[in-house]
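Protein chains in written order, with our numbering: chain A, 1 to 237; chain B, 1 to 237.
Everything labelled a hint here was simulated from the structure, so no lab data went into it.
Since the model is a prediction, treat every value here as computed from it, not as a measurement.
For every residue, glycine included, the Cβ atom is placed at its ideal position computed from N, Cα and C.
Keep in mind that a hint or two might mislead.
In silico DMTMM-like cross-links for lysine to aspartate or glutamate, where the CA-CA straight-line distance does not exceed 20 Å [said to hold, decoys possible]:
{"hint": "1", "chain 1": "B", "residue 1": "K101", "chain 2": "A", "residue 2": "D45"}
{"hint": "2", "chain 1": "A", "residue 1": "K101", "chain 2": "A", "residue 2": "D76"}
{"hint": "3", "chain 1": "A", "residue 1": "K101", "chain 2": "B", "residue 2": "D45"}
{"hint": "4", "chain 1": "B", "residue 1": "K101", "chain 2": "B", "residue 2": "D135"}
Among the chain B residues that face chain A by a calculated CB cut under 10 Å, a handful are [stated by the list, open to error]:
{"hint": "5", "residue": "D26"}
{"hint": "6", "residue": "T32"}
{"hint": "7", "residue": "W36"}
{"hint": "8", "residue": "M48"}
{"hint": "9", "residue": "A50"}
{"hint": "10", "residue": "D176"}
{"hint": "11", "residue": "Q182"}
{"hint": "12", "residue": "G198"}
{"hint": "13", "residue": "S200"}
{"hint": "14", "residue": "A201"}
{"hint": "15", "residue": "V212"}
{"hint": "16", "residue": "E214"}
There are 2 protein chains.
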Amino acid sequence: MITQSHALSRGRRWGVLFDVDGTLVDSSYIHTLAWWQAFRQHQHDVPMAAIHRCVGMGGARLVDTLLPAGRNREADAEILTSHAAVFAQSWPSLRPFDGAKELLAQCHAGGLAIALASSARRQDLAANRRALGADSFIHAATSADDAKASKPAPDILVAALEAVGVLTADSVYVGDAVWDMQAAAALGIPAIGVTCGGTSAAELRDAGAAEVYEGPRDILDNLQASAIGRLLAPADA
Amino acid sequence: MITQSHALSRGRRWGVLFDVDGTLVDSSYIHTLAWWQAFRQHQHDVPMAAIHRCVGMGGARLVDTLLPAGRNREADAEILTSHAAVFAQSWPSLRPFDGAKELLAQCHAGGLAIALASSARRQDLAANRRALGADSFIHAATSADDAKASKPAPDILVAALEAVGVLTADSVYVGDAVWDMQAAAALGIPAIGVTCGGTSAAELRDAGAAEVYEGPRDILDNLQASAIGRLLAPADA
Chain A
1 MITQSHALSR GRRWGVLFDV DGTLVDSSYI HTLAWWQAFR QHQHDVPMAA IHRCVGMGGA
61 RLVDTLLPAG RNREADAEIL TSHAAVFAQS WPSLRPFDGA KELLAQCHAG GLAIALASSA
121 RRQDLAANRR ALGADSFIHA ATSADDAKAS KPAPDILVAA LEAVGVLTAD SVYVGDAVWD
181 MQAAAALGIP AIGVTCGGTS AAELRDAGAA EVYEGPRDIL DNLQASAIGR LLAPADA
Chain B
1 MITQSHALSR GRRWGVLFDV DGTLVDSSYI HTLAWWQAFR QHQHDVPMAA IHRCVGMGGA
61 RLVDTLLPAG RNREADAEIL TSHAAVFAQS WPSLRPFDGA KELLAQCHAG GLAIALASSA
121 RRQDLAANRR ALGADSFIHA ATSADDAKAS KPAPDILVAA LEAVGVLTAD SVYVGDAVWD
181 MQAAAALGIP AIGVTCGGTS AAELRDAGAA EVYEGPRDIL DNLQASAIGR LLAPADA
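Using the sequences and the accompanying hints, generate a full structural model.
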């Protein structure tokens, strides 16, 4: 469900899209272990580093990418349910990254529209938002329910941009996964990569990141010089 | 404790040192979560990606690297104990990487001395060895008890080499962490990096890896051309 908590002006609007898992909330490793346990419960042995690199895709696509093509697909739905059940056990432990809330607040104070563009399950996104405690700075949020095709398909980003009434040319995307960079590139949106989700700067740059920072605090410390800073003071504003 | 299960000849001997966590056994992510939980239990909020990059150091050094210098150090011992307690819960779940046992078997069959060079706790190393099921191919193994200074100090590697009677010039080291590459470089031992522990090829190369493979299966598939292959058929043998 797309939630829209602020009325936006009809004039031109600049905006920032944020991935959530591994970008604003420190959950990539928790997801990795939860998928690993879900796979093990269904007799699939998938290396954790391979899972880690796929976190950020939608769940169905992650399962399809990591399991052999010739498998019995009847168990796929159960694997998704198992992952959800294991991950939900960690909801109370979710922690935002240092500076995440302040980064959203500062973008909001600068007049930017802010949308969370996530392929997460609706319930998991709600848990992330509780951890963030920054709802008053967020104009819209997507979840897995808002697009047929999950990242690296750009559908989630299109849905998020439409929800805040921002054009691709007037936006920046912030994410931690290779899939985030690819989804942004498919739309021509400049992508800021963050390494706090555990993917290295080189991997993010190879996937198309225009800039790479350590995490929200590092973006905040360099905000004016960043791609977000250029939206805060657009040349033609 | 250094265990030596095979008598080695008095002549010149070539050997391979293997890191264990994240290299032969898929445990880096489990360690990351266990350290994160141990830190949280003592009111320290450490990002998981930062912990992940330190797994492979000895525990005391990891704690000292990740926590603020001005902290109350009295809790450090408790944090180490907490990590050990949380990690031990995963002993029955530990899984070797695909090809790990076969790689050790093939090196052994080729006449190489094989030593596990790990900074892990003795009990955790024992759990890893149970998961590997390859004791008959392993000539010696170090644990945290065998060297005062843990990786990136090379002491563990020196202890492992001495245990199997192999000179640095006649050895190769296989590891998944930046610290493994640095420890090998300090001794001038060629280091093979594996990305299965979740550290990227670029990070391993930057830290000095001479070759990078995806994991044990990938080394096995390229054994003859690898640095291990050159030991298997040394020019002056």
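W36/B as an interface hint toward chain A, with CB separation required under 10 Å: holds, 7 Å
Hint check, T32/B versus chain A [nearest Cβ-Cβ separation less than 10 Å]: Nearest chain A Cβ about 5 Å off; hint holds.
Hint check: 10 Å Cβ-Cβ cutoff, V212/B to chain A: violated, 12 Å
Satisfaction of the S200/B interface hint, Cβ to chain A closer than 10 Å: Cβ of S200/B sits 4 Å from chain A, so the hint holds.
Status of the G198/B interface restraint (C-beta, 10 Å, chain A): Since the shortest Cβ distance to chain A is 4 Å, the answer is holds.
Pair hint K101/A and D76/A, alpha-carbon separation not exceeding 20 Å: Violated, because 35 Å separates the two Cα atoms, which is more than 20 Å.
Interface hint for Q182/B, Cβ within 10 Å of any Cβ on chain A: violated, 17 Å
Interface restraint verdict for M48/B against chain A (beta-carbon cut-off 10 Å): holds, 4 Å
Straight-line alpha-carbon gap K101/B to D45/A, limit 20 Å: holds, 16 Å
20 Å limit on alpha-carbon distance, applied to hinted pair K101/A and D45/B: The hint holds at about 16 Å.
Holds or violated: K101/B to D135/B, with C-alpha atoms at most 20 Å apart: holds, 9 Å
Proposed interface contact between A201/B and chain A, which counts if any beta carbon pair is under 10 Å: Nearest chain A Cβ about 8 Å off; hint holds.
Figure legend: structure checked against the earlier numbered hints; hints not met, in rising order: 2, 11 and 15.
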